[in-house]
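Enquirer: Now for the letters of each chain:
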Amino acid sequence: MLKTLTLKSTLTYAVLDLLFAPFVILAFTLLLGAGGNTDLQLILVGITAAKIAAWVIYLHIELSPWERFARASAKSRTPELVQRADRCLQSFPLRFAIFYSLTWIAAYAVGFLIVKGFGPERIPLAPQADNAIGILCSAMFFGGFAFGYPLGSTLTADAASECSALARAGGYSLDRAPSSIQLRIAAVAISLGLGPMLWMVSLGYIKQVESSHGERVTHAALASAELALAIGATAPSEGDAGLARVLDGFAQRNVDGLLLDGGKPRGTEAATHLFASSPELSQWLSGAVSHGSSQGTLARIDWPYAIAFHRIDPSRVAVAVLRVPVSASSSFVWSSLVFTILVGVWAPVSAYALGRAVSRPIAKLTAIAKRIVEQGDLKEIGTVAVATNDEIGILTDKVNDVLDLMRDVSLAAHAIAKGDLGAIVDGTGELPDSFRGMLESLRGMVHQIRETSVELASAATEIFAASQEQEAAAASQSSAMVEISRTMDSLSESAAHVSEAVQGVLGNAERTLHNTDDMVRRIGELTGHANRIGEILEVIRDIADRSDLLALNGSLEASHAGEGGRGFALVASEMRRLAERVTASVSDVKKLVSDIRDSGSSTVMATEESKKLAEGTTDAARQITFVTQQQRSGTEQVSQSIKGIADVVSQAVSATSQTRTSAQGLKTQADRLSALVKRFELTAGAP
Amino acid sequence: MPLPTKQQPAATALLTIRGPGHAWAIPSVAVTGVEAVGDTSDASMLDVPALLGDAETVPSDASRVVILRIQGQELRLLAHGALTLMETTSSNLLPLPPLMQGAAPLVSHIAVVDGRPALFVLSPERLLEVAHVENVNA
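From first to last, the protein sequence lines are chains R and W.
For the numbering used here, add 48 to where a residue sits in the first sequence, where the first one is 1.
For the numbering used here, add 117 to where a residue sits in the second sequence, where the first one is 1.
Hints should not be assumed to be uniformly reliable.
Said to hold, decoys possible - Capping the alpha-carbon separation at 25 angstroms, the derived lysine to any residue pairs in SDA-like fashion look like this:
no., chain 1, residue 1, chain 2, residue 2
1, R, K639, W, P176
2, R, K638, W, S208
3, R, K639, W, M203
4, R, K466, R, L426
5, R, K639, R, G582
To be verified - Restraint ranges, calculated between C-beta atoms of paired labels, are given here:
no., chain 1, residue 1, chain 2, residue 2, range
6, W, V154, R, S650, 49 to 59 angstroms
7, R, D636, W, D156, 48 to 58 angstroms
8, W, A235, R, E657, 51 to 61 angstroms
9, W, T157, R, S650, 47 to 57 angstroms
10, R, N579, W, V154, 46 to 56 angstroms
11, W, V154, R, N563, 20 to 30 angstroms
12, W, T157, R, R629, 53 to 63 angstroms
13, R, K639, W, D156, 18 to 28 angstroms
14, W, G155, R, R629, 54 to 64 angstroms
15, W, S161, R, G576, 57 to 67 angstroms
16, W, G155, R, E663, 42 to 52 angstroms
17, R, E657, W, D156, 41 to 51 angstroms
18, W, A235, R, N579, 37 to 47 angstroms
19, R, D636, W, M217, 55 to 65 angstroms
Stated by the list, open to error - Here are some, though not all, of the chain W residues that point toward chain R, as calculated from beta-carbon distances under 7 angstroms:
no., residue
20, A130
21, V154
22, A167
23, I184
Hints in this document: simulated from the structure, not taken from any laboratory.
Cβ coordinates follow ideal geometry from the N, Cα and C atoms, glycine included.
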């Protein structure tokens, strides 16, 4: 299977080209009188190959939009791409057929020019061969068009159908130019008529020329024989006068006579001049005579004369130059011309008649389809008359069947529209079956709608009552939400105040903590001082103790001294009292210092407690601040949420109100629906 | 040294020691000096309160060492409490009844203060004897 349209078309046309080319080459060479010239045949084969290459390139260019479309994926097949592809497919048959036919003309015109370039010595061409080649090229043009155009239409038909299907599926048009099947039939018919006709005319013309040439040669030989007899019959006494008389008589028959008497030519001036001016002729004649030939002829189709000689006796040879150019007979030319004109006129008339026989019923069917599509008027259309029993007739008959079916369906649809669901559609096939299925479904649906409408009305009533209650509840809820929102705002403000107060407490607690630390430090210093005082007091007490001891010893010494030591005893006694007082005072001070130390310790402990309390207070204040902030944030969020809920509830109130209204409307619609459904009659197949 | 026994009251000086659980005195004439406990070397001392039956009292910084010289010998007494040099007369020194002399060999007299018997006056000689006995036992 060929993958692309281009390849398929190329191979199809190439096969046809190769099929026709040998016959055309043979005919062309024979036409030019060069049937055995292999050089010319090879040249024509080469030209044919070039011709094929030319139309292959053109074909690829012409079909390139389609190939782009064919290569594109389904997703990328845009309407523009499809339209371009379709345009190329629509124009391809005519354009390519014209180009293809022109390649035939061009190929053989070039071939003819090459033949002419060979010169008459290699391939002598008949007079008016140009005309014959022109007619032959015209024949090839029409012939090429006759099979190139319908073949192009056939090749592109499937692809064009694909474009059409895509456009219909995509919902866009293809912008196809209007075309006429009648015109196409006419063009093909004219081509079919004129192609072979012109081909035969050109061949006939050449054959006429060739026949004329042969006839001329025969006449020349006959004239030379007659001339030889006439000269031989002339009395020797007449001399040159007798020869002149004979030659004059032949000159009136377009024959220039010449006598070779011992190789010496004597004759008319024209003949003498011909041989004198053409060494080729003189050489041919001398050679033939010297070889002892009794007669001979020499002629070329492109020469305007033919030469023949006839031996009179061993020394004399009569030569006749017949001055008659080759030509087709006028009757052939006239009859060909008339017949060509007749075909040229008859072919369009015949094509018109044939095209009309095809297009008229199609046009009628098209008009009916148009009326159905545009007006939908089935009653006025009636039945289409069937004139023949061919494809068109069968098509028309089937269209009548379709019209009958559509009328039945239309009547049933009318009945359904009026509420009669008992309508019956006869016939078989997808459309009537689908219609009956639709009708059955419709009956079921109407029945169901009846039941549903009753339930719907009941439900709508319930919804109405419920929505009324819900509306009242939602309104109450909305008021409560507004109140809660206010409370939350107040709570938020209180939290803000608490937060500020706690911030103050936190500051005081932190200051207290700082002061407590300072106090603990100072009490520590005080305790140190007290300890130092204790040490000093111990020294003082020791000194007092020593003094007391000293005074005691002094008193003892004084008592030992008797009356003389009395004064000293008094001093020692006083000193002891002083020492005792000092000791007592030291003891008091030590007690005080001890009390101070105890107080300091108690104060330190109390301060530590205070510090712990202050730290606890700080932590508590921080936690309270944090909690208060969270509470405030939470309260604000709750307030926002409450406001949102209030809005939602407000909307709910509105929605419920709408629901109530809708339910009321729904009830009305349900009642109306119930009334509407009651119009349908379910006599045929009600469930 | 015997106390005066004449009817004529004579002045005499006593070194009184009043401790928490005891009060005693010794004639100051036998006392050569008083030292603090810390000032005294390891010389042996008589713990008088213990001899008087007050075993509860323990030495402290307030304790004193009373140095006696008796019959040319030095005797150290450990005293706890307040030491006072008291002037009194012989009439305020009551001899110990004979019934009690056997029970309290160290006490020579009972000193009367403010009309009431308040102090045991110890005999330096007896203390010296006790010291000798203790040294022998030690």
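Enquirer: State for each hint whether it applies.
Expert: Each hint tested on the structure:
1. K639/R / P176/W: With a Cα-Cα distance of about 22 angstroms, the restraint between K639/R and P176/W holds, given a limit of 25 angstroms.
2. K638/R / S208/W: violated, 42 angstroms
3. K639/R / M203/W: violated, 30 angstroms
4. K466/R / L426/R: holds, 19 angstroms
5. K639/R / G582/R: Cα-Cα ~9 angstroms, so holds.
6. V154/W / S650/R: 49 to 59 angstroms: violated, 35 angstroms
7. D636/R / D156/W: 48 to 58 angstroms: Once the Cβ atoms are compared, 26 angstroms apart, the range 48 to 58 angstroms for D156/W and D636/R is violated.
8. A235/W / E657/R: 51 to 61 angstroms: holds, 53 angstroms
9. T157/W / S650/R: 47 to 57 angstroms: violated, 41 angstroms
10. N579/R / V154/W: 46 to 56 angstroms: violated, 26 angstroms
11. V154/W / N563/R: 20 to 30 angstroms: Since V154/W and N563/R have Cβ atoms about 49 angstroms apart, the given range 20 to 30 angstroms is violated.
12. T157/W / R629/R: 53 to 63 angstroms: Between T157/W and R629/R, where Cβ atoms are some 26 angstroms apart, the hint is violated.
13. K639/R / D156/W: 18 to 28 angstroms: Since K639/R and D156/W have Cβ atoms about 27 angstroms apart, the given range 18 to 28 angstroms holds.
14. G155/W / R629/R: 54 to 64 angstroms: Since the Cβ atoms of G155/W and R629/R sit about 23 angstroms apart, the hinted range of 54 to 64 angstroms is violated.
15. S161/W / G576/R: 57 to 67 angstroms: violated, 43 angstroms
16. G155/W / E663/R: 42 to 52 angstroms: The hint (42 to 52 angstroms, Cβ to Cβ) holds, given that G155/W and E663/R are roughly 50 angstroms apart.
17. E657/R / D156/W: 41 to 51 angstroms: holds, 48 angstroms
18. A235/W / N579/R: 37 to 47 angstroms: Hint holds: Cβ distance 41 angstroms, inside 37 to 47 angstroms.
19. D636/R / M217/W: 55 to 65 angstroms: violated, 42 angstroms
20. A130: OK, holds: A130/W within 7 angstroms of chain R, min 4 angstroms.
21. V154: Check failed: Cβ of V154/W comes no nearer than 11 angstroms to chain R, outside 7 angstroms.
22. A167: violated, 22 angstroms
23. I184: violated, 10 angstroms
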